[in-house]
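Visitor: This is what each chain is made of:
There are 2 protein chains.
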Amino acid sequence: MSEEIGVLVEQILKVDKDENTAPSEALAEQLEHLDAEQLALLLGALPLDERLEQWERIPADEQSAILVELGGDTRLSILRTLSFAALESLFAKLTPEELIELSDDLPDEFIDIALRQMDQKQRQHFEHSNQFNEDQIGRYADHSLLVLPQNAKVYDALRLMRRDIPECTDALFLTDRAGRYTGTVSLHKPLSSPGHIPLAELMDEQVKPLAAEVSLEDSVDIIEKSDYVLLPIVDQKGMLIGRMTLKDGLQILRESHDAEMMAQAGLSEDEDLFSPVLRSSMRRATWLGINLLTAFLASWAIGLFEATLQQVVALAVLMPIVASMGGIAGSQTLTLIIRGIALGQISKGNLWPLLRKELSVGGFNGVLWAGAIGAIAAWWFSDPMIGVVIGSAIAINILAAAIAGVFVPLILDKMKIDPALSGSVILTTVTDVVGFVTFLGLGTLLLI
Amino acid sequence: MSEEIGVLVEQILKVDKDENTAPSEALAEQLEHLDAEQLALLLGALPLDERLEQWERIPADEQSAILVELGGDTRLSILRTLSFAALESLFAKLTPEELIELSDDLPDEFIDIALRQMDQKQRQHFEHSNQFNEDQIGRYADHSLLVLPQNAKVYDALRLMRRDIPECTDALFLTDRAGRYTGTVSLHKPLSSPGHIPLAELMDEQVKPLAAEVSLEDSVDIIEKSDYVLLPIVDQKGMLIGRMTLKDGLQILRESHDAEMMAQAGLSEDEDLFSPVLRSSMRRATWLGINLLTAFLASWAIGLFEATLQQVVALAVLMPIVASMGGIAGSQTLTLIIRGIALGQISKGNLWPLLRKELSVGGFNGVLWAGAIGAIAAWWFSDPMIGVVIGSAIAINILAAAIAGVFVPLILDKMKIDPALSGSVILTTVTDVVGFVTFLGLGTLLLI
Numbered sequence: 000m001s002e003e004i005g006v007l008v009e010q011i012l013k014v015d016k017d018e019n020t021a022p023s024e025a026l027a028e029q030l031e032h033l034d035a036e037q038l039a040l041l042l043g044a045l046p047l048d049e050r051l052e053q054w055e056r057i058p059a060d061e062q063s064a065i066l067v068e069l070g071g072d073t074r075l076s077i078l079r080t081l082s083f084a085a086l087e088s089l090f091a092k093l094t095p096e097e098l099i100e101l102s103d104d105l106p107d108e109f110i111d112i113a114l115r116q117m118d119q120k121q122r123q124h125f126e127h128s129n130q131f132n133e134d135q136i137g138r139y140a141d142h143s144l145l146v147l148p149q150n151a152k153v154y155d156a157l158r159l160m161r162r163d164i165p166e167c168t169d170a171l172f173l174t175d176r177a178g179r180y181t182g183t184v185s186l187h188k189p190l191s192s193p194g195h196i197p198l199a200e201l202m203d204e205q206v207k208p209l210a211a212e213v214s215l216e217d218s219v220d221i222i223e224k225s226d227y228v229l230l231p232i233v234d235q236k237g238m239l240i241g242r243m244t245l246k247d248g249l250q251i252l253r254e255s256h257d258a259e260m261m262a263q264a265g266l267s268e269d270e271d272l273f274s275p276v277l278r279s280s281m282r283r284a285t286w287l288g289i290n291l292l293t294a295f296l297a298s299w300a301i302g303l304f305e306a307t308l309q310q311v312v313a314l315a316v317l318m319p320i321v322a323s324m325g326g327i328a329g330s331q332t333l334t335l336i337i338r339g340i341a342l343g344q345i346s347k348g349n350l351w352p353l354l355r356k357e358l359s360v361g362g363f364n365g366v367l368w369a370g371a372i373g374a375i376a377a378w379w380f381s382d383p384m385i386g387v388v389i390g391s392a393i394a395i396n397i398l399a400a401a402i403a404g405v406f407v408p409l410i411l412d413k414m415k416i417d418p419a420l421s422g423s424v425i426l427t428t429v430t431d432v433v434g435f436v437t438f439l440g441l442g443t444l445l446l447i
Numbered sequence: 000m001s002e003e004i005g006v007l008v009e010q011i012l013k014v015d016k017d018e019n020t021a022p023s024e025a026l027a028e029q030l031e032h033l034d035a036e037q038l039a040l041l042l043g044a045l046p047l048d049e050r051l052e053q054w055e056r057i058p059a060d061e062q063s064a065i066l067v068e069l070g071g072d073t074r075l076s077i078l079r080t081l082s083f084a085a086l087e088s089l090f091a092k093l094t095p096e097e098l099i100e101l102s103d104d105l106p107d108e109f110i111d112i113a114l115r116q117m118d119q120k121q122r123q124h125f126e127h128s129n130q131f132n133e134d135q136i137g138r139y140a141d142h143s144l145l146v147l148p149q150n151a152k153v154y155d156a157l158r159l160m161r162r163d164i165p166e167c168t169d170a171l172f173l174t175d176r177a178g179r180y181t182g183t184v185s186l187h188k189p190l191s192s193p194g195h196i197p198l199a200e201l202m203d204e205q206v207k208p209l210a211a212e213v214s215l216e217d218s219v220d221i222i223e224k225s226d227y228v229l230l231p232i233v234d235q236k237g238m239l240i241g242r243m244t245l246k247d248g249l250q251i252l253r254e255s256h257d258a259e260m261m262a263q264a265g266l267s268e269d270e271d272l273f274s275p276v277l278r279s280s281m282r283r284a285t286w287l288g289i290n291l292l293t294a295f296l297a298s299w300a301i302g303l304f305e306a307t308l309q310q311v312v313a314l315a316v317l318m319p320i321v322a323s324m325g326g327i328a329g330s331q332t333l334t335l336i337i338r339g340i341a342l343g344q345i346s347k348g349n350l351w352p353l354l355r356k357e358l359s360v361g362g363f364n365g366v367l368w369a370g371a372i373g374a375i376a377a378w379w380f381s382d383p384m385i386g387v388v389i390g391s392a393i394a395i396n397i398l399a400a401a402i403a404g405v406f407v408p409l410i411l412d413k414m415k416i417d418p419a420l421s422g423s424v425i426l427t428t429v430t431d432v433v434g435f436v437t438f439l440g441l442g443t444l445l446l447i
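First to last, the sequence lines map onto chains A and B. Residue numbers for the first sequence, in numbering that gives the first Met the number 0: 0 to 447. Residue numbers for the second sequence, in numbering that gives the first Met the number 0: 0 to 447.
I should point out that these hints are in silico values taken from the structure, not numbers from a laboratory. It is possible that some hints are incorrect.
Copies of one chain are not kept apart here, so a pair can be met inside one copy or by any two copies together.
Said to hold, decoys possible - Straight-line C-alpha distance at most 30 Å; calculated DSBU-like pairs for lysine-lysine:
(1) Lys188 / Lys415
(2) Lys415 / Lys207
(3) Lys13 / Lys415
(4) Lys415 / Lys120
(5) Lys207 / Lys224
(6) Lys13 / Lys347
(7) Lys92 / Lys224
(8) Lys224 / Lys188
(9) Lys152 / Lys188
(10) Lys92 / Lys120
(11) Lys413 / Lys347
(12) Lys207 / Lys152
The shape of chain A in the complex, shown without the other chains:
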């Protein structure tokens, strides 16, 4: 399936280059078979000119569904080229839920155009969701619900169920007159109960509604543990404002994984393959700048030993090995601890046994690699003392890496900074500086 898109991209760009060839009917037909998500991926894979050309070919009534699926930068690149009238007719087809999703990464002027297209009720809907922030599940509450008044009977439920049931639904919700959530009834229950029984008697007391303020991540954990494929979302006043489904959970997990992967490289999750050069460059420059500061720290550490380096140039040659071994060993401990923090497994209670274990592992690998690298270096530079210096530095740096690997993420977590994003930069700064200072310091003591 996914390879298909690459092939289509190739065909489109080929047709485009060779202007004599008219777009073949076979290609047009293949494009018609793609769903909104695949078309969105295709558009994101095309350079700007070809992207706009293809966009124009998409029937107007399919465009809004594709718009929702597009990545942030791809979407913006298209919207910026449309006329005001075209924007108006495109946005007129958006539901409030779709507009909320777009609003996470669309400038306000576009949102305003869309809001002006909506009726009173839809606008209220949007405003209501918009009061929650981008990490709260209430913002993304889906409004396709089966709802009945709390005094409804089994036959009311059966009548409701005979009509169209929204996708991903295995329960209905009861509310009081004001719209406050009062309970959840499995759709299975009314089937095996007499018609006059009040639904309130069939309520599943185990179901706890999701508070609208719950974070996206926590909401996935909660729905995964529930016995249903959907959960009611309620606001602070207890009003039933919508639902979250297992399918929403899948989407949240995917997006958070994607955002994390991009953020680890200092990229925005909106970035696409053909984001504008200037915007990409400036975003990436920030991350390069942060990393430059840490690189200067490492240089400064080396600079302390200029005199030594001048006398023993072998030290300069071997420096990357000391830094690299420390960085790798440290990131292994770091990864393990970050996972432990995310799972809530780490506390003051097991910190010391954990550090002891990581130091033991570091001790084993420190001795192993100190011996191996020391021997190679001694042979390379025909000087046993060089072997002693680099071996000791490697052992010390791997132990320091174990300590940093445990404490860097814990300290970041205490400071409310996500260790998965910045842990690695800080850790390698520590192992670089410790590695260079130990290595060149020992070199100064033992070789000069």
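Using the hints provided, position chain B relative to the given structure of chain A.
Guide: Below, chain B without anything else, positioned relative to chain A:
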């Protein structure tokens, strides 16, 4: 919720240290309120002795459910201490589905003990699932199905639905006499149809069953696009062998994310906070060894310029900056391309426009940081030529990083190697070597 586990770990270890204190009743009560998953996290967060102690306290009828939730190393650490009789009674409670999950990372001798506890039918069940490998959805097919013969009527469906319906079910499946899958009927349909209508008339023709050989990753994509919360799984002969649910999809996504994060640091997904030191050390040593080879490559590149370094020691001091800027810029391109490959967006067709764009971004940041770093270096070492040398090297290395960032993942992907796992190591080797050779080479030409 997750912080709770950390607090409990602390309390357990405190009680344990201070032997006069008996385990408080409050603690025992808190432990009773944890579900199997939380207890598994708790056990994984305890050092071995305390882990075994807590395991003994868990009622025998809850142990097997917890066993399934444990991480690979944690599980093994407990099983290894149990007597044969204890293993037998523990395994006697496992379902074939649970045993399949355990078998992914449990030595055969344990599986054999468990199989001997099962009856003929359960064993067949296990063997049937076991014919699929660890990346095929058929292996994990869940057998809680609503199934009816293909000639069943609406009233048969209603009768079935009045009994207990398995969790995560919004459709029933029809099979022929031999057990071959013939169709899917939404549970909603029989509710609004007369009793004598054959279910075959209500089948949803859109539903395509999942082939048992489909990879776990693809199966998640497929169920996410389907209109149901479950899909039938069929083998090559068309036999209905089980189902996959959206909840399975969530679990697969979580586990693959976890495994990827661990693998990127050269860790096993089975590794837990207190895995045995020797085993951890040896696993991690492999990854350190691979990285050592790449570090030696960088050292070798530096070694080519020993004479230069001896004369201009400033070059040794500034080396980490050249390597670091190249590595960071390269990993930004790499991350973008890896995502593009995963989404199927990259092909021969858009390769050149993509490279052009990445080179433009690299050109922008190359010029920006060449200027900034060149100026700082010139000032630091009071030598404008040093600024020229490092500035040029940075610009060249950032451009080389863009090229490597595009091609390294594409080549790995062609070689069927996951670029998300090894791309970063290879990329930084390239940027290290190119950076050092350019920087020291230019230094040799311009400074001596």
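Visitor: Now tell me, hint by hint, if it's right for this structure.
Guide: Going down the list of hints, with the structure as the test:
1. Within a single copy, Lys188 and Lys415 get their C-alpha atoms no closer than 45 Å, and across copies no closer than 50 Å, so neither meets the 30 Å cut-off.
2. With identical chains, the CA atoms of Lys415 and Lys207 are at most 30 Å apart within one copy only, with a shortest distance of 28 Å there and 46 Å across copies.
3. In this assembly of identical chains, Lys13 and Lys415 lie within 30 Å of each other by CA distance solely across copies; the values are 27 Å between and 50 Å within a copy.
4. In this homomeric assembly, Lys415 and Lys120 never come within 30 Å of each other (Cα to Cα): the closest approach is 39 Å inside a single copy and 52 Å across copies.
5. With identical chains, the CA atoms of Lys207 and Lys224 are at most 30 Å apart both within one copy (11 Å) and between copies (28 Å).
6. In this homomeric assembly, Lys13 and Lys347 come within 30 Å of each other (Cα to Cα) only across copies, at 10 Å, whereas the closest approach inside a single copy is 61 Å.
7. In this homomeric assembly, Lys92 and Lys224 come within 30 Å of each other (Cα to Cα) only across copies, at 22 Å, whereas the closest approach inside a single copy is 36 Å.
8. Taking identical chains as interchangeable, the C-alpha atoms of Lys224 and Lys188 lie at most 30 Å apart whether they share a chain (21 Å) or sit on different chains (28 Å).
9. Taking CA atoms no more than 30 Å apart as the test, Lys152 paired with Lys188 passes in both settings, with 12 Å inside one copy and 21 Å between copies.
10. Only within a single protomer do Lys92 and Lys120 lie at most 30 Å apart by alpha-carbon distance; the minimum there is 15 Å, versus 55 Å between protomers.
11. Proximity of Lys413 to Lys347 under the C-alpha cut-off of 30 Å is restricted to the intra-copy arrangement: shortest distance 12 Å within a copy versus 47 Å between copies.
12. Taking CA atoms no more than 30 Å apart as the test, Lys207 paired with Lys152 passes inside one copy only; the shortest distance there is 22 Å, against 37 Å between copies.
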